[in-house]
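Novice: Given the structure of chain A, go ahead and fit chain B onto it with the hints provided.
Residue-level listing of the chains:
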Amino acid sequence: NAGVTQTPKFQVLKTGQSMTLQCAQDMNHNSMYWYRQDPGMGLRLIYYSASEGTTDKGEVPNGYNVSRLNKREFSLRLESAAPSQTSVYFCASSLQGLRNQPQHFGDGTRLSIL
Amino acid sequence: GESVGLHLPTLSVQEGDNSIINCAYSNSASDYFIWYKQESGKGPQFIIDIRSNMDKRQGQRVTVLLNKTVKHLSLQIAATQPGDSAVYFCAEKPFLSAGNMLTFGGGTRLMVKP
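Chains as they are written, first to last, in this note's numbering: chain A, 10 to 123; chain B, 2 to 115.
One chain only, chain A, in its complex shape:
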């Protein structure tokens, strides 16, 4: 049981390049999330998918797109990378129903935009 798996772990891009960050979970969770974490700061929500087939904007969606490919996978795309998007990106998933449940996180993708 791997939990939440993110690929790649590290990436360096040039300004203007595009890239897709991959995330997969094997816990049969219905909700998935993408966050960014900047130095010395907490996590900020970029996009989320409450269930398969739905996606919604979070706090900082500009410059990103997402795809909920199936129940397991939720990808984050940077169409034209900018230096301001240099950050650590975390994917999370949770089982949401009648009772609140915690989100479980992957180990992140460290992205540098030059």
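If you're looking for bench data, these hints aren't it; they were derived computationally from the structure.
Be aware that a few hints might be false.
Unchecked claim - Straight-line distance between alpha carbons at most 27 Å, and here's what the computed BS3-like set of lysine-lysine pairs gives:
| id | chain 1 | residue 1 | chain 2 | residue 2 |
| --- | --- | --- | --- | --- |
| 1 | A | K80 | A | K18 |
| 2 | A | K66 | A | K23 |
| 3 | B | K43 | A | K66 |
| 4 | B | K43 | A | K18 |
| 5 | A | K66 | A | K80 |
| 6 | B | K43 | A | K80 |
| 7 | A | K66 | A | K18 |
| 8 | A | K23 | B | K43 |
Specialist: Okay, now just chain B, sitting in the frame of chain A:
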């Protein structure tokens, strides 16, 4: 040692002492709270959660206290060990938030001296 919350981002304690990490949350409508531990190079790891109908919840060596009157959350770690060194985040979920989104605090770094 005792932290005064997110305004003091680093808490240094002696191994074997108890640690108290504080968090002031912002939304009086929040009904679910989580503490996460984040080690260097890793994603946030779930420690313990508490629902708003509770004042206290205990886990293994950890206790979370919730004071809804002053919107304050604390994490107590008993007999702190070197492996407890990490950054600790609190997170809150407003009642009926879309997609069960969490709002994260800025984090407190716990350093355990041997």
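Novice: Run every hint past the structure and note whether it holds.
Specialist: Evaluation of the provided hints:
1. A:K80 x A:K18: 22 Å, holds
2. A:K66 x A:K23: Distance ~25 Å between K66 (chain A) and K23 (chain A) Cα, so the pair holds.
3. B:K43 x A:K66: 25 Å, holds
4. B:K43 x A:K18: 11 Å, holds
5. A:K66 x A:K80: Cα-Cα ~18 Å, so holds.
6. B:K43 x A:K80: With a Cα-Cα distance of about 24 Å, the restraint between K43 (chain B) and K80 (chain A) holds, given a limit of 27 Å.
7. A:K66 x A:K18: With Cα atoms ~24 Å apart, K66 (chain A) and K18 (chain A) stay inside 27 Å; holds.
8. A:K23 x B:K43: 25 Å, holds
Consistency note: the structure conflicts with none of the earlier hints.
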